[in-house]
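Chemist: Here are the chains, one letter per residue:
Number of protein chains: 2
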Amino acid sequence: MCQLLGMNCNTPTDIVFSFTGFATRGGLTDEHKDGWGIAFFEGNGVRHFVDYQAAVESPVAELIKRFPIKSKNVIAHIRKATQGQVTLENCHPFVRECWGRYWVFAHNGDLKNFAPQLDGAFRPVGNTDSELAFCYLLQQMRRRFGEHLPAIDALSQFMREITTEIAQYGTFNMLMSNGEALFSHCSTKLFYLVRQHPFTTAALADEEVAVDFSEVTTPKDKVAVIVTEPLTKNENWTQFAAGEMIVFVDGDVLPV
Amino acid sequence: MCQLLGMNCNTPTDIVFSFTGFATRGGLTDEHKDGWGIAFFEGNGVRHFVDYQAAVESPVAELIKRFPIKSKNVIAHIRKATQGQVTLENCHPFVRECWGRYWVFAHNGDLKNFAPQLDGAFRPVGNTDSELAFCYLLQQMRRRFGEHLPAIDALSQFMREITTEIAQYGTFNMLMSNGEALFSHCSTKLFYLVRQHPFTTAALADEEVAVDFSEVTTPKDKVAVIVTEPLTKNENWTQFAAGEMIVFVDGDVLPV
Chain A
115 MCQLLGMNCN TPTDIVFSFT GFATRGGLTD EHKDGWGIAF FEGNGVRHFV
165 DYQAAVESPV AELIKRFPIK SKNVIAHIRK ATQGQVTLEN CHPFVRECWG
215 RYWVFAHNGD LKNFAPQLDG AFRPVGNTDS ELAFCYLLQQ MRRRFGEHLP
265 AIDALSQFMR EITTEIAQYG TFNMLMSNGE ALFSHCSTKL FYLVRQHPFT
315 TAALADEEVA VDFSEVTTPK DKVAVIVTEP LTKNENWTQF AAGEMIVFVD
365 GDVLPV
Chain B
115 MCQLLGMNCN TPTDIVFSFT GFATRGGLTD EHKDGWGIAF FEGNGVRHFV
165 DYQAAVESPV AELIKRFPIK SKNVIAHIRK ATQGQVTLEN CHPFVRECWG
215 RYWVFAHNGD LKNFAPQLDG AFRPVGNTDS ELAFCYLLQQ MRRRFGEHLP
265 AIDALSQFMR EITTEIAQYG TFNMLMSNGE ALFSHCSTKL FYLVRQHPFT
315 TAALADEEVA VDFSEVTTPK DKVAVIVTEP LTKNENWTQF AAGEMIVFVD
365 GDVLPV
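Line by line, the protein sequences give chains A and B.
With the numbering used here, the residue at position 170 of the first sequence is 284, and numbering never jumps.
With the numbering used here, the residue at position 239 of the second sequence is 353, and numbering never jumps.
Don't read these hints as lab results, they were simulated from the structure.
These numbers were taken from a predicted model, which means no experiment stands behind them.
The reader is advised that the hints may include incorrect statements.
Unchecked claim - Straight-line Cα separation of at most 16 Å, EDC-like style, residue types lysine to aspartate or glutamate; simulated pairs:
1) 184/B to 128/B
2) 347/B to 364/B
3) 179/B to 176/A
4) 179/B to 321/B
5) 334/A to 366/A
6) 179/A to 321/B
Next up, chain A with everything else stripped away, as it sits in the complex:
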């Protein structure tokens, strides 16, 4: 199994604190050593870093920890290979373009006997069930909505249907973003919290690091963090229900 980390905010925020704890699980406090990746939206652009080295040993991961990239939507992944070899093309997150927007996707879990018909619009480069699910999802999304990005409500409804459909084939914990919304689906395990005013000090569970967020935020800031296992030991994380999908926009849970 792999681990997922997502962040969705109303103002560009760096993920150094959360990524530091998360990356520690990539080979040090946990066994997820078969690669890792992270994608940051900046405006409509994406910075995409993937590596098949363990996150704790990767010079690129070191860069991410030292170089505070500010973003409103981030998706990260550390991998323990279950399907597909340990190669660069099998590292999450995956990126594709649809409707002139980039879409970023990462998955934790295993899909069994999942062999959807692909029409060629989006095809996997590697050989993971995850990238196949992403390509199928985008294909169905474009079929449903035609030539234009739909409104967020319609898109959220589609995402609820397609994630439920794919989750019938196994475990489908996933994060996906187009730079505005962050869609998160839980099959088995996913937690989130929203940091907002009044901000307090948070202490990482995996390293001896604490940050007083009141010193680095403004009262208007809202930062949602979504993760496989809670990253901090002194904050209240909300666990997703099995089968639940939550859409985050501007650091808030979008009402269903």
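The hints should help you fit chain B onto chain A, whose structure is shown.
Modeler: Chain B alone, transformed into the frame defined by chain A:
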């Protein structure tokens, strides 16, 4: 105008030497300070780094110079904005997937009144003429060959036709790769050389750096380097003719 750098080899090779000289032009020895980018194929995967900071100031460029990523196909770009704002989504190289392969593209030049019909299969995320040309090229490629990657000869013939067509709209110096071949088209300025046995010492034109390639290669190695302005002062660079397209595979010029 921007500058291009490409490398195509028969064995995974690091580009630290060439990139060091090239990145110096991004704000220090030359005026190309509106961002930069580089993409490395590793197997079928791609490492893609883009930044809107000048290459000489970018911490990511520092990482590339210190961390020798080995690749058989690399495309890099430093940008002086002529069309499109200085934003991440306008930084070259651009990456798309077609036929389950990644395609990487960078362009130097300006296209005027270039407004091709796009059917939606590939759409620009940013607002440069370059990304538009890339999307159009991929669309026409998929229309021509249908559902499968064609053989290299057919693909090269198509590339000759489409680059000639696009170059009618202005200056179209470009590099494109799918991880096997590197396609290069020259409108106005492009040089290449093939380093092979017996290897010698090369000295950068832009920095006081020299490398004795005989110490870091085997006699079988072949490394083609393609660039807007020669990178070294003691090697014989071949200038492309105007309108010429050259295809590199395994470090060699593919016969026409």
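Chemist: With reference to the structure, classify each hint as holding or not holding.
Modeler: Checked hints:
As the CA atoms of residue 184/B and residue 128/B are separated by approximately 4 Å, the hinted pair is consistent with the 16 Å bound. As the CA atoms of residue 347/B and residue 364/B are separated by approximately 25 Å, the hinted pair breaks the 16 Å bound. In summary, the hint linking residue 179/B to residue 176/A is supported, as the alpha carbons are separated by about 15 Å, within the 16 Å threshold. This hinted pair checks out: residue 179/B and residue 321/B have alpha carbons roughly 13 Å apart, not beyond 16 Å.
Of the supplied pair hints, the one linking residue 334/A and residue 366/A holds, its CA atoms being roughly 12 Å apart against a limit of 16 Å. For the hint pairing residue 179/A with residue 321/B, the CA-to-CA distance comes to about 30 Å; that exceeds 16 Å, so the pair is violated.
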